[in-house]
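K.L.:
Residues per chain, in single letters:
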Amino acid sequence: MIATLTTGDFIRRNGLIIAFAAILAIVALSAPTFLTVGNLLGVLRQIAIVGTIAVGVTFVVISGRLDLSVGSGLTFLSVLVVSQHNQIGPAGALAVTLCCGLLIGACNGFLVAYLRFDSLIATLAMLSLLQGVTIWYSGGANVNVADSTTWFSFFGRGSVLGIPAPVLLLVLGAAVAGFVLMRTRFGRAVFAVGGNETASIFSGIAAPRIVFATYLISGLATACAAIIMGSRVMGAQSTIGQGYELTVLAGIILGGTSLLGGYGSIWRTIVGVAMLGFIENGLILMGFPYYVQWLVTWAIVIMAVWIDLAAKRGRLLA
Amino acid sequence: MAGETILSIEGVSKNFPGVRALKDVSFDVRAGEVHALMGENGAGKSTLMKVLAGLYRPDGGRIMHKGEEVDIRTPLEARDRGILLIHQELSLSPELSVAENIFLGSWPTKGLGILNKRKLNSDAGRVLDALGCDFRPTTRVGTLSIARKQMVEIARAQAFNASVVIFDEPTASLTDTEKEKLFSIIADLKARNVGIVYISHKMNEIFEITDRVTVLRDGVLQGTVNTADATVETLTRMMIGRALDSFFTRARSNFGAEVLRVEGMAKKGLFENISFSVREGEVLGLYGLIGAGRSEVAETLFGVRRADAGRLFWKGGEIPFPTPRQAIDLGLCLAPESRKEQGLVIGMGGRENITLPHLGLFSRLGIMNRERETQVFTRYRETLEIKTTGPSQRVGNLSGGNQQKFVLAKWLCNKPRLLILDEPTRGIDVGSKSVIHALIAKLAEEGLAVIVISSEMPEVLGVSHRILTMSEGAFNGEFTGEAMTEENLIDAVSRHRESSSSRRARTAA
Ligand SMILES: Nc1ncnc2c1ncn2[C@@H]1O[C@H](COP(=O)(O)OP(=O)(O)OP(=O)(O)O)[C@@H](O)[C@H]1O
Ligand SMILES: [Mg+2]
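For the record, the sequence lines run as chains A and S. Mapping the first sequence onto our numbering, position 232 (from 1) lands on 232, and the numbers just tick up by one. Position in the second sequence (first residue = 1) + 1000 = our numbering.
Because the hints were derived from the structure by calculation, they are not lab data. You may find that some hints are simply not true.
Some but not every residue of chain A turned toward chain S, in silico, with C-beta under 7 Å [what the hints assert, rightly or not]:
#, residue
1, R185
2, N196
3, A199
4, F202
5, G262
No residue lacks a Cβ here, since even glycine has one placed at the ideal position from N, Cα and C.
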């Protein structure tokens, strides 16, 4: 009954880490400035924003749904947090932003979980709606933090023991999220609903409630990311979050979380997002024009999905 | 030619991570024979057939087809060689039409890849007519019953002029009438010199239709014998290495208090005027043809469907119809009929599947207690003799019968008050079947009320204290003691049909 582990098995199981190491090595070799502390910290700060959102969206994806509204959610919430900061101060701004994030999640969740809208359509509609709301709210103008001396600047610019605050926040959030997903009753239910919704209902799980909750988490994560973003830029404008929904999704896919639901993890998402961040940075350091990163990113995502499919097919035929 | 070997496997092995599914197995199929493949759950039957059908590549050994060594790499290649597998878990595309499913992968075109729908449908229609099917080529497969879906798969075999047809537990979800129809189709195939492989756990079927029997145990060939020379005892001994004492053990018959009473429950289009009660320690059998509405009644009691009318009494007090969560918390549990769709999350491990309905019991402050989960897993793995490599092995990778055991374990582990078992032993081997029947008897002895829904007559007759027959959405007979006989049940089920059709005739007149 003992089967030996083949090299193929090893690659299949640890493919993600191997790919990550390979990419780091390639980038480090071809761009000498890559491995400087300043550069790495910069990349990590950038990753932190995408990563924070992706952590939340991972819940949605594992439950078998999508959330494409996070890009314009990020835009709106960034604009919101900066404007509110100027009006009611940092504490109030944070509270309002987190609440609005939850509200956006609740709207998505209500449409998808209770009214049974297709998640792609519901969250695309939300994406578009929030674009409109942002323009309406800000009049399309850029907003800037008037008083940059408040503690609000900590989230994007501060650091603790040399570690940038955004990175710290991401690590903290990811740890909590990972624990919730892997160790709690709720996390178990998320996997069950994504893996087989009917069977989860036959097991007494209130599937709609679980799906609703994943959207709340996604909304909350987007609000956190918006706070980091606003604090880092010390301002916001109506295109600031454009395209983030796809970057987030790309990171999740690259990490190997299944878009069909029922399979995935937070650490996979983090590694996937980090990979994207390093690739992007490497390309810029190597002197490619910025738009090349879009091509490369998606080429890599497509490849990752293809390898994954091939591996699955191989497993069936192996 | 009849009797000529069409397909043979020589020394085939197959390993999965941590599991040796087949070891050096040889097997052959002759033209015009029905060759039974038997063995316990997880013995490797389905795996062996998947090797033949191009779904798995063997790790060693060779496959000979019509005298030459062949390499079957994909299901399409297998089909082109005339080898067709009718899966244990049917594998049709529910969104496609019957015709599209039959010719999947080789749809006729008008050139340029444009589908020739008319030809597709007329070709399919011809095959369906020849089989005597009562549905149209354009019907969406998702709307068909299991028996009809199976007919679609058989039609596929017919359409491609298969020379070897493999049936993997085809009767697991068929009623007797449907089974008879299947057997006549098999006889037909046999007469046309098709070689047939027939996998089943049901002894009577083996003796009824097969010519030879091959037995596997733990992936190892135990031998091939002529059915005429075999007996139930010899086959059982080959399969499990010992003889079985008794198949059914019935619990005592002095019951406790009433657990559940249903009055006038109805759901439009599914069932009407359902009234019955069940008491502590009682095993109530529900017998009827597939489509009679038994599962729908069970699902309504459990709360996954909503009733239109009716009253529910739990331990004497009236309660509103529960949600599944409320039902489980009361102790009213349902082990559903379809393990893949309703019973299990196949991407999760056995441990996670068992505890899924009881997350509250296995957690504190919302945090899961893995250790206790593993303990329960280990306990049921032993009691039900489940073959799995460990608590986190995906149940999707288990054999059909072993998956079914997890469906049962899921509900047994929580000491329910009333347990509804919908086709509890579907796909389960003879040895484990008696283990499960004994378990049902023991639980009833301890005061559990059980409702057993089964299309298997011997099972219903064997485990129940009382049997209700159901037909076309209504109860039409109740039998206890001496009156629980095969004839009576068949009679009840068919009597209602007559009376309802004569009733219809009367209203028409
Ligand atoms: N894809 C797979 N991955 C890993 N293990 C597998 C896979 N398919 C089958 N197995 C294992 O191989 C063994 C044989 O399984 P198989 O499905 O052939 O049994 P079977 O004889 O058809 O049983 P049953 O009567 O329950 O249908 C089992 O232990 C099963 O867990
Ligand atoms: Mg099988």
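K.L.:
A separate judgement is required for each hint: does it hold in the structure or not?
P.N.:
Right, here's what the structure says about each hint:
no.: 1; hint: R185; verdict: holds (4 Å)
no.: 2; hint: N196; verdict: holds (4 Å)
no.: 3; hint: A199; verdict: holds (5 Å)
no.: 4; hint: F202; verdict: holds (5 Å)
no.: 5; hint: G262; verdict: holds (5 Å)
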